[in-house]
Each structure stands twice: as structure tokens, then as C-alpha cells.
Amino acid sequence: MAAPARKDAAREAATEARLAAMDLPKGGFTTMARAAALARVRAAGLPSKRDEYWRYTNPAELTVADGPEAALFAGQVEPQLFGARDRLVVAFTDGRFDAERSSADLALEGVEITRLAVADAVDLHWARDLYGALEADGQQPVVRPLAALNTAAATDGVLIRATGRAAKPVHLVYYHESTTSDAILHHCIRIESGAELTLLETGPAAARFSKVMEVDLAAGGRFHHVRAQGRDHSRRAITHIFTRLGAGSQFKSFTLTANGVLTRNECVIDIRGDGAVAHVAGAALGDGATGDFHHDDTVFVTHDAVGCESRQVFKKVLKNGAVGVFQGKILVKQGAQKTDGYQISQALLLDEDSQFLAKPELEIYADDVKCSHGSTTGAIDDTALFYLRSRGVSREDATALLVLSFLADAIAEIEDEGLQAEIVTRLEGWLARRRKG
Amino acid sequence: MLEINNLHVKLEAEDKPILKGVNLKIGAGEVHAIMGPNGSGKSTLSYVVSGRDGYEVTEGSASLLGQELLDMEPEERAAAGLFLAFQYPVEIPGVGNMTFLRTAVNAQRKARGEEELSAGDFLKVVREKAKTLKIDAEMLKRPVNVGFSGGEKKRNEILQMAMLEPKMCILDETDSGLDVDAMKLVADGVNALRDAGRSFLVITHYQRLLDHIKPDVVHIMAAGRIIKTGGPELALEVENNGYADLLAEVN
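Protein chains in written order, with our numbering: chain B, 1 to 437; chain V, 1001 to 1251.
In isolation and in its complexed conformation, chain V is listed as follows (with noise of 0.2 Å):
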């Protein structure tokens, strides 16, 4: 599904390197979590791969589905099927939830030769999806995620990704700002798009989230690389014992 090979990324503004050859490598249906201290490029892997301005590739590559992602715009990356939930999701005064999510819909749509949705359908589909995430209507009238409490803006990406039916999803700390009930529904919110076809990264601090979206491989990043790889234990491990021990086992 998604393929990176030996990434390096600096920032272009101070020269800046962020990323040191990372390597990550997702296949279909897998879902794999980042796990690291801050500073260590996780949030940056994510940008680099979605096609924000501001960074500059000096070596390495990245594909999806054997599409080459580093030439693409941001929203052609979005309409090949890449989805990235982030973490400070975006203010949009003055435009509502639902036209921002219908513009979105038939945007890809139309990048992928498809018909667009008409109003009723999709209007139909985008409540019962918003639903299943306890948003309400008044929710999706609302202008986009302004006035949003830090849960209603995490369950308002994954709604996008719902509506959108990405086949690669990265979550950038969603479980940030998130109260236990809140993490539980926006990783119920994750799990029922789980399926063969659609592969997860889930970038996070903490372990919890990993209790409720179970990842099949875990990755330490640290100082813009990818240091070690393991099973789900790994971030149990760090959970018990802190970053310390795995930084001092790699230098």
C-alpha cells in the first residue's frame, strides 16, 4: 500500500534536516503505529507524504499503491486514496461542515472520473455516517470545526475519512485532547472502516489509543528515523519504561 524508502526531509525555510532515511513499509489492511518522543519527525512524515508546502525531499521516495507521491499535489495524493487526519484540524469560518464535505466528495469524484453525488444521496450517506460518530445535524451546519470542542474536531476528520474512503489513512495524534469516551468513539470510528483494502498509520504519543485501534506492527521513531520495529508489545513496552532505554540500546 504505502511505501517509503530511505526519506530524507529538511525543512526548507532553516536547512534544517528533519528526516534521516526513513524506511516504512504498509501493506493492504495493515495497520501500523509510529510511536516516539517529540521532535522526532512523526508529525513531519505525515506532512511530507500529504504534500504540505514547506519541506524539501533531498533524498528518497514514497509511493502509494506504486503511484509515486513526492510529484503529486496534495489533492491529487488525496484523490489516489491517501487521507490525513490531523492533529490541530483546521478553523474554516464561513463555510459549512456540509459544503465543505460535499466539495470534498465530488472533488475526488471528479479526479477520478466519477459522477458526482447529487444533494440527496448525498446528504443521505453523510448522516448516517455522521451518526454512527454521534455528530449531529447541528454539527454538520455548523462553519467547519469552528466552535468544535477538541473531540467534535477529531470526530469531524474521521467523518471526512468516512465520506471519503481513503485506501491509506494517517491519523497524526488523534487521540490528542481526547477524554477516554471521546478516544473510544473516534476509535470506534476507525475500526469499522477497517478492511482489507485500506491500510492505517497512527501517529501517537501514548499507548492507550493502541488499546483501542489494535495495530498489527509498531515502529519507535527517533532524531528522523525509524529505530526499531516490533508487535503491539512494543508499545507496551514503552508505555512501562519510557523512551530512554530503546534511544540508549540504538546509540
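If we strip away everything but chain B, and leave its shape as in the complex, we get (with noise of 0.2 Å):
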């Protein structure tokens, strides 16, 4: 449960150690907003392996003051993942705005984008009362120190009000070119009410990267958000996405992670109005034969009102050693009657040297719901294999197809099916891969 981190002397040292090695910006609109998130960063301290939600995947990497050099990106190098699309641009290089390959102008009819860095220089209402907030919240009742230190640390971001609906999907490009790069990225979203916006984003971003994403929906404000973590093996990524939602209003992210040493991706979501829908899921690709791959998913739902619907399905394939991490909790409020919250986790692992940890987890305070949850581990099913197979696929073509057909239903979470069959395709070039090899 929510065990607050312990005061101790070495996780008071190894926090100072971190934020002397940090240049934190100062000045502007957001000025309070990091003094109080530096505030909660020293209260809490940064994480260790010895707490709770930190048991199976050791922060070490992302607290340490260095972090890790990582290689850059040496193999076959695809067309870009929604390349094709008609979207809006903005690219940050390791960390830095890459105007280059951004969209020439970032307006967009339906949205106000501005960049973090330079948005002092505009009065944004909306993003002063958004930034660090909803990260704020999500302190309780669980600690997020890393969360705490990307308010109080980020040098950069992109602010976005929808406040109709988006004419085309603003799409997040990150691209890693520097093997010490250590990004820190903000990013504050609000969708007014029954405004809609889809968000892609892309790419590794950097050696180590630090993301929070703070989503703020207004009453029936919609927002689709499909994510790819990038292909590069070495890097380091912790992720946050933080989200409020107003009646009505539905969120809905997926995220593709393949390949990657160590990944902690943390989504918490409260829902505050009635009849909002929140659905987050994942698909996960870890081979430890092309570099260790380490993948969390932490995810916190809290239902606060009547009426609502949340749905978790992560799903991970793992070989070779590959290691994946699911902590999932359903907490339904006093009086968040008529929820309907659901939670699957799974994990295929395609030999026995992988592992899947799951911490599946649902505390109840109201009596009119429906919860369920299930955590699954298993291997490729034989049957299935051997019926593939005596119609003359061969047996990794048919693994191929029975690794699909089990992320198939974190896939089919995306609600655009354009953008599924762009991330289909992906997954059968990342298996194609592993075939020849």
C-alpha cells in the first residue's frame, strides 16, 4: 500500500548528489510549480530498489547523476512510424526543440501548441494552473519522486489546448543522436470541453529520458494518444502520464515498446467526472539476445465518480532473458458507484529464460461496481502451433503470427484503425528480424 519512502541519511545524499549535478531552470510561469515540486522531490527522496513500487525494476540507472551512456541506433532503419500522415510536427532532438524537423508552423486549427521553453513569453492561464498539478495529485497515495523531479527539472515540452477538434493529429518526434544525452521533457494537455485531439509520438529521445505528460479533460473532451518507445537497445526511459478526467470526457493511450534496457512507464489516471472512460494499454517486445531489455508498467486508476469505465490491457513478449513488470491498481472511492474498471496483464514468454513479474492489485469502497482483473504467464500455445503448422507455415512464421494474435487485443485498443495497422506492421518487421537472425 501506499508506503511513504523512508527518511533515510542515503537516500538524502544520493538525492542532493542528483540535483547538484542539475541545472534547474528558474524564472517564469512556472517558477512556483518547480519550487513546490523540488520541495516534494527532497520530502520524498528519490526511489530505491527497497521500496514497494520499485521492487522488480531498480531505479538505480534513472536516480544516479549520470546515467548511463547509451549506443546509438545501428540497425536497419525504417521509414517513419505515422510518416505518412498528415500531422503537425514537433521535434525535439536529445532533448532539444529540433525546429528543422519540425512543422514549418506550429498552428493548427482546433489547437493552441506552444513550446515550454518559450512559453513565458505568452500569459497561458490554462498551462499555469495545469503545470505540475495533476503530477502534484498524483503523489497520493503513492510517492512518484521521479515524476516530482521532471516538474521541477524539465527544460522543455510542448503546451497544447485543444479547444475544438484537432484537424490533424499533433505528432511528438523524438530522436536520439547523442550516446550521453539526458532529456527531461513536460508536456501539459488540456482538451476543453467536447474538444478532441489525437497525439502520436515517437522515437527513443535520448540516452536517458525523463517524460510527464499532464492531460487535463474538461466534460466530454476527447483524447487518443498511440505511442512507439523507438528501437534503440540501450536507452533508459522513465515515463509518466498524469490525467484528470471531467464528465464524460474519454482517454485513451496505447504505447508499442520494443527493445530498450530498461523502461518504467507509470500512467495515473483519476476520474473525476461521471461517465468518463479511460482506457490504457501496452504492448511489449523485450529479446535479451540484441541488449538486456527491462519493461514496467505501473499504472494507478482511481475512480471518483459514478458511471465511469477504465480498462487496462498489457501484454508482453519476452525472450531471451527478457524481463517485464506490471503493477496495475484499480481504487474505487467511496461512492464511485456503477464503475466498471478492468485490468488483464499477460505475458507470452517464448523461452525459459525470460521472466514476467505482476502485481495486480483492486481496493473497493464503494458496493454497485463491477472490477475485474487477471494476470496471465504462459508460452506459445501447442495446439494452435501444430495447427499452423499442418497447413504448411513454418514454426517461426507461425510463432510470428500466434505472437500477433496475442497482442492483438492490446492492439485493437487504438481506436483508429489506420494508426493500428501502421503499429502491426512494426511488430512483424521487429519479428521478421528476430527471424533471420
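Please keep in mind that the hints were generated in silico from the structure rather than gathered at the bench.
Remember, it's a predicted structure, so these values are computed and weren't measured experimentally.
Just to be clear, a hint being listed does not mean it is correct.
Estimated spans, in silico, between C-beta atoms of each pair [claimed, not checked]:
| # | chain 1 | residue 1 | chain 2 | residue 2 | range |
| --- | --- | --- | --- | --- | --- |
| 1 | B | Q355 | V | V1180 | 50 to 56 Å |
| 2 | B | R395 | V | E1138 | 26 to 32 Å |
| 3 | V | D1181 | B | Q76 | 49 to 55 Å |
| 4 | V | K1131 | B | T383 | 37 to 43 Å |
| 5 | V | E1012 | B | R101 | 55 to 61 Å |
| 6 | B | T383 | V | E1116 | 25 to 31 Å |
| 7 | V | K1167 | B | T383 | 23 to 29 Å |
| 8 | V | E1068 | B | T383 | 22 to 28 Å |
| 9 | B | G28 | V | A1137 | 55 to 61 Å |
| 10 | B | K370 | V | D1181 | 35 to 41 Å |
| 11 | B | G307 | V | K1184 | 47 to 53 Å |
| 12 | V | K1131 | B | D105 | 49 to 55 Å |
| 13 | B | Q80 | V | E1116 | 27 to 33 Å |
| 14 | B | R395 | V | K1167 | 19 to 25 Å |
Derived BS3-like pairs (lysine-lysine); straight-line CA-CA distance at most 30 Å [what the hints assert, rightly or not]:
| # | chain 1 | residue 1 | chain 2 | residue 2 |
| --- | --- | --- | --- | --- |
| 15 | V | K1110 | B | K319 |
| 16 | B | K252 | V | K1141 |
| 17 | B | K359 | B | K338 |
| 18 | V | K1214 | V | K1184 |
| 19 | V | K1153 | V | K1131 |
| 20 | B | K333 | B | K319 |
A few chain V residues that don't get close to chain B, going by computed Cβ distances all over 10 Å [stated by the list, open to error]:
| # | residue |
| --- | --- |
| 21 | S1061 |
| 22 | Q1067 |
| 23 | V1095 |
| 24 | A1162 |
| 25 | A1196 |
By construction, the Cβ of each residue, glycine as well, lies at the ideal position given by its N, Cα and C atoms.
Assembly of the complex is requested from the two constituent chains, each provided in isolation within its own frame, with the hints serving as guidance.
Structure (C-alpha cells):
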């Protein structure tokens, strides 16, 4: 449960060492929020593997002052994911805004976009109210000091306010070109009443990447999020999504992770308005033969309104010593009647060296709710494999088809069929490369 | 076509003998039926011939058109012309029926050194064959066997058979779980594929399927061996008298 981080000298020293190595931005509209976040970091201290929610994932490489180096991706370059779509691109290279790779004009009908680093020039009331606010709320009942550190230290990011139906998706593209980059980005997204936005994110971003995204949905707002975290093998990433849902709003997020030595994706969902819907899904593929792979999904859903639906669908395919972690919780507060909460986490282990660690939790204080959770770990189904092979499909191709079959439920959480198809094509590519090797 | 000699098989996991010397010879263009009580080894025979894991052949051989089968992988046997219609077709969520069919057809063509079918050509052929089996476009789009009724699953097996054009078809209790109309539809599908270069082995509990798919030869299997072989009249005898008389006769 909600164990506050223990006060101890070692933790304090590690926290101060990390802060001392950082150049914390000062001034501007985020000053107060950053100072408060810094206080939260110091109060909680940076996480260690002794903390309950870091038991399965050692945070050392995420907290150490100098992050480990990460080799640049040396494999075959694929066409950019979502690159053929009509979309507005905001690019960051190793955490720095990359104007050349971004759309010439960051203007889009139905949407206001400003970069965090230049936002002081304009007076954005909504962003001042939002920056760090959902992150601060999300520190209860479980502290998330790395998210607070991000709020205190973020150098850039995007501030997006959707006031209508966005004419096309906004695509955040993260390039990684330095072996030692340590990037910290913080995005704030406000979806006004009845507005709608699709946000795409792709790319590894940096040798070490910290990202917080706060998504505030007003009544009836709709937010679709599809991200792919890039194929770099030795990158490390800690990401947080904090979202607050107003009445009748809809939040849908899907993440594809293939490769990455260490990834922790946290998603903190706070359902405040009646009749809201939140779906979060992920497909992760890791092959220890091409570099260590440790992937952690940590999700916390709070139901604090009537008649809401939440859905968590997480699937991991692991081989050659890859490790998958899932920590998922549904908290239904008193009065959150007619809640429909669902959670499934599943791992497909392609050999006996890989590992899946799952910690599903339900905590329910309302009496008229429907909540279920399930977690399974299994191998490729022998009968299905034989069925495909008996039709002439080779063992390797049959295995690839069954991997796609296993991931299908997570991919189906992406609403747009075109985006679904692009994700599937990526998966097929990942599987095909492993067949040749 | 298919020749099985003195085949002895045990379950790998349990060290339990299942087949105890099966001999079977099916000529080109012939339809053979195997009947027998539960647990006699009928399904095991179909699995061993098509290459399923979990069985150990302790003695004997099986060959298809002179090619030794037992050393081949299941996909190699399929490419050589063997097809097994499953008693319980497997559901594969997330993989479209059409994708599955095309992957299978092209894998076999590739294995035989033939050119792969283009998407357009494939679509044309599959639509035509699906139509005769009353498989609609919707069923082709859905994930393999997911949400299919019992009859739809069996029709889908026959569609795969029609698309793959195998030389030796084994039908494992294809009639189980089918109503009369569905059985007729499946039988029509099978009959449409009968030709001089293609043979069938029909495994069934009941004679009724054999009213629709007329066999040339009927075998009775019990306790891991074929205990009697005859013409279509043997199936009628079983239908009328059960297996007891036949078993007693042999014992």
C-alpha cells in the first residue's frame, strides 16, 4: 500500500547528489510549480529498489547523477512511423527542440500549441494552472519522486490546448543522436469541453529520457494517444502520464515498446467526472539477445465518480532473459458507484529464461461496482502452433503469427484502424528481423 | 498414396502405447473410412501421420507417395500434400482468416518452388471457393475460427482444404457437432474435391457421414489396431449392431 518513502541518510545523499548535478530552470510562469515540485522531491527522496513500487525495477540508472551512456541505434532504419500521415510535427533531438525537423508553423485549427521553453512570452493561464498540478495530485497515495523531479527540472516540452476538434494529429517525434544525452521534457495538454485531439509520439528521445505528460480533460473532451518508444537498445526511459477526466470525457492511450534496456511507463488516471471512460494499453516486445530488456508498466486508476469505465490491457512478449513488470491498481472510492473496472496483464514467454512479474491490485470502497483483474504468463500454445504448421506454415512464421495474435487485444485498444495497421506493420518488422537472426 | 506399415506409437509423456501395429494402404483416388469406439487410437493415428508433437513412434513407418513422412516436420508434410481437417479447429484471435489462408497457401507454394499467389489472384480463388461452402465475406475477414459456430469451423476446415489442394486428406471426426444440413454442406464440399489424384481418410464414429461421403473401404479400429476391413456394408453393420460383436469376433 501507500508506503511513503523512508527518510534515510543514503536516500537524502543520493537525492542531493542528483540535484546538485542538475541545472534547474528558474524564472517564468512555472517558477512556483517548480519550487513546489523540488520540495516534493526532497520530501520523498529519490526512489530506491527497497521501495515497494520499485521492488521489481531497480531505479538506480534512473536516479544516478550521470546516466549510463547509450549507443546509437545501428540497425536498419525504417520509414518513420506515422510519417506518411498528414500531421503537425514537433520534433526534439536529445531533448532539444529541433526546428528543422518540426513543421514550419506550429499552428493547427482547433488547437493552440506553445513550447514550454518559450511560454513565458505569452500568458497561458491554463498552463500555469496545469503545470505540475496533476503530477502533484498523483503523488497520493503513492509517491512518484521521479515525476516531481521532472516537473522541477524539465527544460522543454509542449503546451497544447485543444479548443475544438483538432484538424489533424499532433506528432511529437523524439530523435536520439548523442550517446550521453539526459533529456527531461514535460508536456501539458488541456482538452476543453467537447474538444478532441490525437497525439502521436515516436522515437527513443535520448540516452536517458524523463518525460511527464499531464492531460486534463474537461467535460466531454476526447484524447487519443498512440506512442512507440523507438528501437534503440541501450536507452533508458522513465515516463509518466497523469490524467484527470471530467464528466463524459474519454482518454485512450496505447504504447508500443520494442527494445530498450530499461523502460518504466507510469500512468496515473484520476476519474473525477461521471460517465468518463479511460483505456490504457501497451504491447511490449523484448529480446535479451540484442541487449538487456527490462520493461515496467505501472498503472494507478482512481475512480471517484459515478458510472465510469476503466480498462487496462497490457501484453508483453519476452525472450532470451527479457524481463517484464506490471503493477496495476484500480482504486474505487466510496460513492463511485456503477464503476466498470477491468485490468488484464499477460506475458508470452518465448523461452524459459524470460521473466514476468505482475502485481495486480484492487481496492474498492463502493458496493455497486464491477471490477475484474487477471494476469497470465504462458508459452506459445502447442495446439495452435501445430494447427498452423499442419497448414504448411513454418515454425518461425507460425510463432510470429501467434505473437501477433497474443498482442491483438492490446492493439485493438487503438481506436483508429489506420494507426492500428501501422503498429502491426512495425510488429511484423520486429518479428521478421528476429526470424532471420 | 498413403502407406502405413506396422505403426507402433506411444504417448511421450506417459509411456503409454496407443497404436499397436497399424497397417493401412490407401490408393490414389480412394476414400477410406476408419470407425471405432472411443479411445481406439483413431485421432492419434491422424496426429502421428501429420506430425504433432507428444507422440513417439517406436516401430513401423508411414509414407506419402513414397516419401517417408515420419522424419518430416508438419509443414513439410503439408507441402508434400498432406492435410488434416481438425476435430476441434483452433481459434486464433487477432489473425484474420484471409491472412491465415494466404500465408498457408503461399508457404506451401514457396516450399514447392512455385510462385506465390498475388493478393488479387488469391482473393478471386478464395471468394469462389468460399461461396460454394456458403462462407460469406464477413467470415473470411474475422479472426481464424473466433466466434464461429461448430458448423462454420468445420466449413472453414474444408475451405482450407479446397485452397491448399492436398493429395491426401485426413478428416478427423469432421461430422462431430454438426446438424444434418451442416453435415451435408461439409460432405458436398468434400465430394467436390474428390478426384483420381486425391485420396481421403475419413475418421468417424457414425455411419451417417458415410451416407454423404461414400467410402470405397471401411476399416474398424480397436485398441490401437485395425481389426477388420471391408466395404461400405461394414459401416452399416456397425450402425446396426455396435462394435461389441466385431470386438468379440476378434478376441
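Results of checking the hints against the structure:
At roughly 52 Å, the beta carbons of Q355 (chain B) and V1180 (chain V) sit within the given window of 50 to 56 Å. About 31 Å separates the C-beta atoms of R395 (chain B) and E1138 (chain V), a value consistent with the hinted range of 26 to 32 Å. At about 53 Å, the beta-carbon gap between D1181 (chain V) and Q76 (chain B) stays in the expected band of 49 to 55 Å. Here the CB-CB span from K1131 (chain V) to T383 (chain B) is close to 30 Å, at odds with the stated 37 to 43 Å.
Between E1012 (chain V) and R101 (chain B) the Cβ separation comes to about 57 Å, which falls inside the hinted range of 55 to 61 Å. T383 (chain B) and E1116 (chain V) have their C-beta atoms about 27 Å apart, which keeps the hinted 25 to 31 Å range intact. At about 25 Å, the CB distance of K1167 (chain V) to T383 (chain B) agrees with the hint of 23 to 29 Å. The hinted window of 22 to 28 Å between E1068 (chain V) and T383 (chain B) holds, with their beta carbons roughly 25 Å apart.
Evaluation of the 55 to 61 Å hint for G28 (chain B) and A1137 (chain V) yields a pass: the beta carbon distance comes to about 59 Å. Restraint check, K370 (chain B) to D1181 (chain V): a C-beta distance of roughly 39 Å satisfies the suggested window 35 to 41 Å. Checked against the given bound of 47 to 53 Å, the beta carbons of G307 (chain B) and K1184 (chain V), roughly 50 Å apart, stay inside it. Take K1131 (chain V) and D105 (chain B): their Cβ atoms lie about 53 Å apart, and the range 49 to 55 Å holds.
In this structure the hint that Q80 (chain B) and E1116 (chain V) lie 27 to 33 Å apart at CB holds, the actual value being about 29 Å. In this structure the supplied range 19 to 25 Å holds for R395 (chain B) paired with K1167 (chain V), their Cβ-Cβ distance being about 23 Å. Distance restraint check for K1110 (chain V) and K319 (chain B): the Cα-Cα separation of roughly 28 Å lies within the 30 Å cut-off, and the hinted pair is therefore satisfied. For the hint pairing K252 (chain B) with K1141 (chain V), the CA-to-CA distance comes to about 26 Å; that is within 30 Å, so the pair holds.
At roughly 25 Å between alpha-carbon atoms, K359 (chain B) and K338 (chain B) fall within 30 Å of each other, so this suggested pair holds. At most 30 Å may separate the alpha-carbon atoms for a hinted pair to count; K1214 (chain V) and K1184 (chain V) meet this at roughly 12 Å. A threshold of 30 Å between alpha carbons decides the hint, and for K1153 (chain V) with K1131 (chain V) the separation of about 15 Å falls inside it, so the pair holds. Restraint check for K333 (chain B) and K319 (chain B): not satisfied, since their Cα atoms lie roughly 39 Å apart, outside the 30 Å limit.
At roughly 20 Å from the closest C-beta of chain B, the C-beta of S1061 (chain V) stays outside 10 Å, upholding its exclusion from the interface. Every Cβ of chain B is farther than 10 Å from the Cβ of Q1067 (chain V); the closest lies at roughly 15 Å, confirming the non-interface assignment. With 10 Å as the threshold on Cβ separation, the claim that V1095 (chain V) sits away from chain B is violated: the shortest Cβ distance comes to roughly 5 Å. Distance check on A1162 (chain V): its Cβ is at least 13 Å (rounded) from any Cβ of chain B, clearing the 10 Å threshold; non-interface status holds.
At roughly 23 Å from the closest C-beta of chain B, the C-beta of A1196 (chain V) stays outside 10 Å, upholding its exclusion from the interface.
This entry does not satisfy hints 4, 20, 23, going by the numbered hints stated previously.
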